[in-house]
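Colleague: Listed below are the residues making up each chain.
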Amino acid sequence: MNVTKLMKGNEALAEAAIRAGCDAYFGYPITPQSEVLEYLAREMPRHNRIVLQAESEVASINMVYGAAGAGFRAMTSSSSPGFSLMQEGISYLAGAELPCLLVNVNRAGPGLGTIQPGQGDYFQATKGGGHGDYRLIVLAPASVQEMADHVFLGFDLADQYRNPVVILSDGAIGQMMEKVTFKPYQKPTADKSWATTGKPASRKRNAISSLFIQPERMEQHNLKLTEKFNRIRESEIRFEEVNTNDADYLLVAYGLSARIAQKAMDLARAKGLRVGLLRPITLFPFPEKRLRELATQVQGMLTVELNSGQMVEDVRLAVEGRVPVAHYGRMGGMIFTPEEIERQLETFFEKAYAN
Amino acid sequence: MQTDEPVTHACVPDDYDVAYHRPAALMDVNMHYCPGCAHSLVHKLLMEVVDELGIQDQTIGVAPVGCSVFAYEYMNIDMQEAAHGRACAVATAIKRLMPDKFVFTYQGDGDLAAIGIAETLHAINRGENILIVFMNNAVYGMTSGQMAPTTLPGMKTTTSPFGRDTKFYGAPMKIAELVAQLPGSSYVTRQVVNSPHGVRKTKQALLKAFDWQKQNAGTCLIEIIGNCPSNWRMTPLEASRFIDEEMVKSFPVGDIKTPDQPSLAPTPENL
Ligand SMILES: Cc1ncc(C[n+]2csc(CCOP(=O)(O)OP(=O)(O)O)c2C)c(N)n1
Ligand code: SF4
Ligand SMILES: [Mg+2]
Chain A
13 MNVTKLMKGN EALAEAAIRA GCDAYFGYPI TPQSEVLEYL AREMPRHNRI
63 VLQAESEVAS INMVYGAAGA GFRAMTSSSS PGFSLMQEGI SYLAGAELPC
113 LLVNVNRAGP GLGTIQPGQG DYFQATKGGG HGDYRLIVLA PASVQEMADH
163 VFLGFDLADQ YRNPVVILSD GAIGQMMEKV TFKPYQKPTA DKSWATTGKP
213 ASRKRNAISS LFIQPERMEQ HNLKLTEKFN RIRESEIRFE EVNTNDADYL
263 LVAYGLSARI AQKAMDLARA KGLRVGLLRP ITLFPFPEKR LRELATQVQG
313 MLTVELNSGQ MVEDVRLAVE GRVPVAHYGR MGGMIFTPEE IERQLETFFE
363 KAYAN
Chain B
653 MQTDEPVTHA CVPDDYDVAY HRPAALMDVN MHYCPGCAHS LVHKLLMEVV
703 DELGIQDQTI GVAPVGCSVF AYEYMNIDMQ EAAHGRACAV ATAIKRLMPD
753 KFVFTYQGDG DLAAIGIAET LHAINRGENI LIVFMNNAVY GMTSGQMAPT
803 TLPGMKTTTS PFGRDTKFYG APMKIAELVA QLPGSSYVTR QVVNSPHGVR
853 KTKQALLKAF DWQKQNAGTC LIEIIGNCPS NWRMTPLEAS RFIDEEMVKS
903 FPVGDIKTPD QPSLAPTPEN L
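So the protein lines, in turn, are chains A and B. According to my numbering, the residues represented by the first sequence are 13 to 367, in order. According to my numbering, the residues represented by the second sequence are 653 to 923, in order.
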């Protein structure tokens, strides 16, 4: 049975974690995502699940490691500075191939920055973030509904690929209230025969480790991981397109920025300019192929991000120089208006407007 | 990863009684430890205890980053290899999710007392029902002998080439005494393994600790004065003497706290 509620993004995500069968949540308070820990501190015990406020994000991520290594559905959430602190642990999780769900409700930085929304952690999330050669599956919700949906999807993908999954949200999506519908969900059975649950006589011992001291074996492991990341690139790209059929110009934006960009697109269309929008839902894997296709159709692309230009690099790589790709960003917790973006379209695609 | 089963060497003639053998829970493989290193001995003791209690199928160990990083290659039980210093956080999660299992961490002094001190103290303060086997050899063995929080005053290491100056670096950290002050700790003891007597006492301590864990008494910490002949630049015999003559001065041996006997260390109440 579907259940519809009016909820904050962070709370919808927390409720989804319970409904997704999350066995354990470990976290440390930080604005703008503390509601996740608060909600779960209240609700998890009722479901006989483990919730624990750790002494730091370093501890939370390593608790996630322990829980995931023992075969449980485990997650943590934080915001930018806290997520930075987790990076070593995330690298270990990726190296040991442990499935888990990690949430970064992005605020503006660098440093302590501000608690307002930002998208400055795009590089950190999509390029690995910690040391060594690895990728995370990165989901970018643009609504409270997706804050919930991505939890189910994230846990399932994590189990399927034995890889950490990140939900890269932002302070606005985390804090805003919207309608959210929870559909019935059946947790898929995942093979966790590798988990450390105590070694019975009937099987060999299980070890969770990312250590490969011989270079030959380390390289083998790296190749295995690379092969996995390529499979993810093949099968898990998700994006949304609006008005791309007849588009001469394309806006590319994710999360909060995509919502504002969509309004800007409407304004531009009202002025007669055929603008479309591509919203990546997975930031890794990135919808490169589709962007490359669209590059043969449109005359230019504009990425709109709450940073100084991060995703724009991936868009440029994708289109391989076929069309000009510009970036427009606001930073420091400042958010663009649709009008502002529409003016940027005019600036970048002056000629088109002039016609 | 699933690891290989041990190779068994049938080297005992049929008509001999085996009086002393490798514990079944210890893999029959060569260890990488230096000759005379205490890590291998303590691994064996731990696995003897697991054998004697019959809990091989219920025990989950957490290995550190340090010379004992490969503990999971040697102990024939399910294990996780934690990031440097984070074993207590990893063990916390395992134990919370599987409260009926026995969970222990095995950590060096750099791992536990330096980089991992926060995770260690907080796990103990929460009274996590885990056993912490703390191998104090007063140096960073794995990274070739740098100064540790437990390095003795005046002791030369590669990063204290003129001897540890306590005015500059403070005095060695007495971890057992420190954690005994936390209400979450139950059984806290410091032992040596450089004599048959010490080995027997250490094994008894391990047995006790698993028993307390069964009773959910809180965190047990067994500090074992280990050694590092290689980085101490000593023969194993000299290292053994160094423990008796120097190490025990800074790190007195014996029980510091038992569950029925409250902390001997000063607590806010009895200060
Ligand atoms: C984050 C991080 N910092 C530093 C290191 C390097 N490192 C590996 S082991 C170690 C110290 C180990 O010393 P100890 O815990 O005393 O164990 P021992 O080798 O003496 O048994 C250090 C500093 C690391 N692996 N990870
Ligand atoms: S370096 Fe020291 S602690 Fe490490 S194995 Fe050798 S003797 Fe043992
Ligand atoms: Mg040491």
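It cannot be assumed that every hint is accurate.
[Said to hold, decoys possible] Derived BS3-like pairs: lysine-lysine, alpha-carbon spacing no greater than 30 Å straight-line:
| # | chain 1 | residue 1 | chain 2 | residue 2 |
| --- | --- | --- | --- | --- |
| 1 | A | K301 | A | K139 |
| 2 | A | K199 | B | K860 |
| 3 | A | K301 | A | K20 |
| 4 | B | K819 | A | K204 |
| 5 | B | K866 | B | K808 |
| 6 | B | K753 | A | K216 |
| 7 | A | K199 | A | K216 |
| 8 | B | K855 | B | K819 |
| 9 | B | K855 | A | K204 |
| 10 | A | K216 | B | K696 |
| 11 | B | K853 | B | K753 |
| 12 | A | K139 | A | K204 |
| 13 | B | K819 | B | K901 |
| 14 | B | K808 | B | K753 |
| 15 | A | K139 | A | K240 |
| 16 | A | K283 | A | K195 |
| 17 | A | K283 | A | K240 |
| 18 | B | K855 | A | K216 |
| 19 | A | K195 | A | K216 |
| 20 | A | K236 | A | K139 |
| 21 | A | K216 | B | K860 |
| 22 | A | K216 | B | K866 |
| 23 | B | K853 | B | K866 |
| 24 | B | K853 | B | K696 |
Treat the hints as calculated values from the structure; they're not laboratory data.
Colleague: B:K853 and B:K866 were given as a pair; does the straight-line alpha-carbon distance stay at or below 30 Å?
Modeller: Given that 30 Å is the threshold and the Cα spacing comes to 20 Å, the pair holds.
Colleague: Between the alpha carbons of B:K819 and B:K901, is the straight-line distance 30 Å or under?
Modeller: 19 Å, holds
Colleague: Keeping to a limit of 30 Å between CA atoms, is the pair of A:K283 and A:K240 held or broken?
Modeller: 46 Å, violated
Colleague: Is the straight-line distance between the alpha-carbon of B:K753 and that of A:K216 30 Å or less?
Modeller: 18 Å, holds
Colleague: So if I understand the rule, the pair passes when the alpha-carbon distance is 30 Å or less; does A:K199 with A:K216 pass?
Modeller: 27 Å, holds
Colleague: Regarding the pair A:K216 and B:K696, is the alpha-carbon distance no greater than 30 Å?
Modeller: With Cα atoms ~19 Å apart, A:K216 and B:K696 stay inside 30 Å; holds.
Colleague: With a cut-off of 30 Å on the C-alpha distance, tell me whether A:K195 and A:K216 pass.
Modeller: 40 Å, violated
Colleague: Please work out if B:K866 and B:K808 have their alpha carbons no farther apart than 30 Å.
Modeller: 42 Å, violated
Colleague: For a C-alpha distance cap of 30 Å, please report whether A:K199 and B:K860 respect it.
Modeller: Given that 30 Å is the threshold and the Cα spacing comes to 41 Å, the pair is violated.
Colleague: Just to be careful, I want the Cα atoms of B:K819 and A:K204 compared with a cutoff of 30 Å; is the pair within it?
Modeller: 52 Å, violated
Colleague: Can you confirm whether the C-alpha distance between A:K139 and A:K204 stays at or below 30 Å?
Modeller: 27 Å, holds
Colleague: Straight-line Cα separation of A:K139 and A:K240 no greater than 30 Å?
Modeller: Holds, because 15 Å separates the two Cα atoms, which is no more than 30 Å.
The structure fails to meet hints 2, 3, 4, 5, 8, 9, 14, 16, 17 and 19 from the earlier list, while all remaining hints are met.
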